[in-house]
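S.K.: Under full-length UniProt numbering, the residue at position 227 of the sequence shown is numbered 227, and the numbers go up by one with no gaps.
It should be emphasised that the hints constitute simulated quantities derived from the structure, not laboratory data.
Errors might be hidden in some of the hints.
Stated by the list, open to error - Simulated crosslink set (DSSO-like; lysine-lysine; CA at most 27 Å straight-line): (1) Lys472 - Lys448; (2) Lys269 - Lys286; (3) Lys328 - Lys281; (4) Lys407 - Lys225; (5) Lys176 - Lys472; (6) Lys472 - Lys421; (7) Lys290 - Lys342; (8) Lys448 - Lys174; (9) Lys407 - Lys419; (10) Lys448 - Lys421; (11) Lys172 - Lys421; (12) Lys421 - Lys382; (13) Lys281 - Lys269; (14) Lys281 - Lys342; (15) Lys382 - Lys290; (16) Lys419 - Lys448; (17) Lys342 - Lys328; (18) Lys174 - Lys225; (19) Lys342 - Lys407; (20) Lys419 - Lys382; (21) Lys472 - Lys419; (22) Lys225 - Lys286; (23) Lys290 - Lys269; (24) Lys421 - Lys407.
Said to hold, decoys possible - Distance ranges between label pairs, derived from CB positions: (25) Ser335 - Ser5: 17 to 27 Å; (26) Glu268 - Leu135: 42 to 52 Å; (27) Ser32 - Phe7: 18 to 28 Å.
Quantities reported herein were computed from a predicted structural model and do not represent experimental measurements.
Just so you know, even glycine gets a beta-carbon here, dropped at the ideal spot from N, CA and C.
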Amino acid sequence: MYPASFFFTIPSTAYVVLTSVNILIGINGSISTFVMELFGNNEIGGINDILKNVLLIFPHFCLGRGLIDMVKNQAMADALERFGENRFRSPLEWDMVGKNLFAMAVEGAVFFIITLLIQYRFFIKPRPVSKLTTLAPLGEEDEDVARERQRIVHGLGHGDILELRQLTKVFKRKQKPAVDRLCVGIPPGECFGLLGVNGAGKTTTFKMLTGDTLVTSGEAFLARKSILREIDEVHRNMGYCPQFDSIYELLTGREHLELYAVLRGVPEKEVCDVAEWGIRKLGLLKYSDKAAGSYSGGNMRKLSTAMALIGAPPVVFLDEPTTGMDPKARRALWSCIHSIIKEGRSVVLTSHSMEECEALCTRMAIMVNGRFRCLGSVQHLKNRFGDGYTIILRVGGLDADLLPVMKFIESELRGSTLKEKHRNMLQYQLPSSLTSLTHIFSILADNKEALRIEDYSVTQTTLDQVFVNFAKDQSDDYHSKETSVRRRDVAIEVPPTLSCSPGAAEGGGPLRESVM
Numbered sequence: 001m002y003p004a005s006f007f008f009t010i011p012s013t014a015y016v017v018l019t020s021v022n023i024l025i026g027i028n029g030s031i032s033t034f035v036m037e038l039f040g041n042n043e044i045g046g047i048n049d050i051l052k053n054v055l056l057i058f059p060h061f062c063l064g065r066g067l068i069d070m071v072k073n074q075a076m077a078d079a080l081e082r083f084g085e086n087r088f089r090s091p092l093e094w095d096m097v098g099k100n101l102f103a104m105a106v107e108g109a110v111f112f113i114i115t116l117l118i119q120y121r122f123f124i125k126p127r128p129v130s131k132l133t134t135l136a137p138l139g140e141e142d143e144d145v146a147r148e149r150q151r152i153v154h155g156l157g158h159g160d161i162l163e164l165r166q167l168t169k170v171f172k173r174k175q176k177p178a179v180d181r182l183c184v185g186i187p188p189g190e191c192f193g194l195l196g197v198n199g200a201g202k203t204t205t206f207k208m209l210t211g212d213t214l215v216t217s218g219e220a221f222l223a224r225k226s227i228l229r230e231i232d233e234v235h236r237n238m239g240y241c242p243q244f245d246s247i248y249e250l251l252t253g254r255e256h257l258e259l260y261a262v263l264r265g266v267p268e269k270e271v272c273d274v275a276e277w278g279i280r281k282l283g284l285l286k287y288s289d290k291a292a293g294s295y296s297g298g299n300m301r302k303l304s305t306a307m308a309l310i311g312a313p314p315v316v317f318l319d320e321p322t323t324g325m326d327p328k329a330r331r332a333l334w335s336c337i338h339s340i341i342k343e344g345r346s347v348v349l350t351s352h353s354m355e356e357c358e359a360l361c362t363r364m365a366i367m368v369n370g371r372f373r374c375l376g377s378v379q380h381l382k383n384r385f386g387d388g389y390t391i392i393l394r395v396g397g398l399d400a401d402l403l404p405v406m407k408f409i410e411s412e413l414r415g416s417t418l419k420e421k422h423r424n425m426l427q428y429q430l431p432s433s434l435t436s437l438t439h440i441f442s443i444l445a446d447n448k449e450a451l452r453i454e455d456y457s458v459t460q461t462t463l464d465q466v467f468v469n470f471a472k473d474q475s476d477d478y479h480s481k482e483t484s485v486r487r488r489d490v491a492i493e494v495p496p497t498l499s500c501s502p503g504a505a506e507g508g509g510p511l512r513e514s515v516m
């Protein structure tokens, strides 16, 4: 049963198929051979002897047929004993149950060895990527990504706790690779953020690093251990919080943490203390002795994160750990991650919360179509790929005259672009290369009263805007196909001076006037 389970990916399918096979071979085979014995030693009896020997390769037939032979032997012995005859045979004789027991013993050893070989992927050899698909040339890369690739390719990442070398994953029947030749090194004590829209390849990268998915080509090292050849050593040095919670519904939160503490090799006398630490660290004290199946989505994410932290692994992979968490729990997890980094351990984080990435990540990369499009610290990405400064001005008065303010901004801050215009509010976008913050604040402060400006604000481009600028290049065949169908079916013309605010798109806000 165990080696047969490797042929399935869906548990329910495996259960139905394997149960049907057991019933077909075990019950039907045993009954069929028993019925055929009633025909005696004629031609059918000879076929029955051959069939019984062939079916010995199935353990469930050995068990079922052996029990039938034992019952038949005992029934015949009891019946003949009344006439003074002793026809009882030892059940362990070769022609009785002996051959069945021998076959089951051999099969147990053989299938156990096969299971170990499958578990250690003895039969699965990574195929060269050239036989699977032809990867397109890398082409022109961002200078930071190219610099990191050269550093890794030339073997200069010896001090990194995690190192990815041309890591690639190509799925069958897919035209493009899900992960395309990633190169990056993560030193100890760093929180590395992996950003990207759904389908960019973040979770696939995690699955390759943790051994859940086979690597098509390339290599990765965690604590100088190869994920291809030393995956057991890699598992000892990592903690993993998957995107979907791996929770046993009938176990309590405390029992989960105690189980993982034992699996991690925590000494028996410290298991309870370690589980209590995880409960208090992630704020699960109130729910620690309740069945995990009754937890809310946020509490399940807390428990999954606590399980990943058990044993103090040097590298922790967190795949969207704060999904469904309330703001208080999210802040508590951020503090926990900060403490991990201070201890010199590394965290690799994926998230759709830009606020979370800014609060935690010392360095990050944005993935698009399985590749890194940019790499660096949060401030570095804002400076390189941001749109400069956003200036918002609010003009006072019941009937605010915005024309003088607009002429003033366009003359004094050349290169500024009007993005939005409301009743008494203006929003401009200004490239940071054209002027300095000092100049912006100086001219606005000097002319505030003359232009009747009530208040103004100058903000730098947010990480959300940088992310969106890259994310729009993500290819999505399904989305493109769906969009083209909708465009053919329905054509909607929107006046160029009107656009819907996000609230209006959801039915919660009015239209606003904009300059497109």
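S.K.: Run every hint past the structure and note whether it holds.
M.R.: Hints and how they fare:
no., hint, verdict
1, Lys472 - Lys448, "violated (38 Å)"
2, Lys269 - Lys286, "holds (24 Å)"
3, Lys328 - Lys281, "holds (13 Å)"
4, Lys407 - Lys225, "violated (63 Å)"
5, Lys176 - Lys472, "holds (17 Å)"
6, Lys472 - Lys421, "holds (25 Å)"
7, Lys290 - Lys342, "violated (32 Å)"
8, Lys448 - Lys174, "violated (59 Å)"
9, Lys407 - Lys419, "holds (15 Å)"
10, Lys448 - Lys421, "holds (18 Å)"
11, Lys172 - Lys421, "violated (50 Å)"
12, Lys421 - Lys382, "holds (25 Å)"
13, Lys281 - Lys269, "holds (20 Å)"
14, Lys281 - Lys342, "holds (16 Å)"
15, Lys382 - Lys290, "violated (45 Å)"
16, Lys419 - Lys448, "holds (21 Å)"
17, Lys342 - Lys328, "holds (21 Å)"
18, Lys174 - Lys225, "violated (30 Å)"
19, Lys342 - Lys407, "violated (52 Å)"
20, Lys419 - Lys382, "holds (19 Å)"
21, Lys472 - Lys419, "holds (19 Å)"
22, Lys225 - Lys286, "violated (39 Å)"
23, Lys290 - Lys269, "holds (23 Å)"
24, Lys421 - Lys407, "holds (14 Å)"
25, Ser335 - Ser5: 17 to 27 Å, "violated (41 Å)"
26, Glu268 - Leu135: 42 to 52 Å, "holds (50 Å)"
27, Ser32 - Phe7: 18 to 28 Å, "holds (26 Å)"
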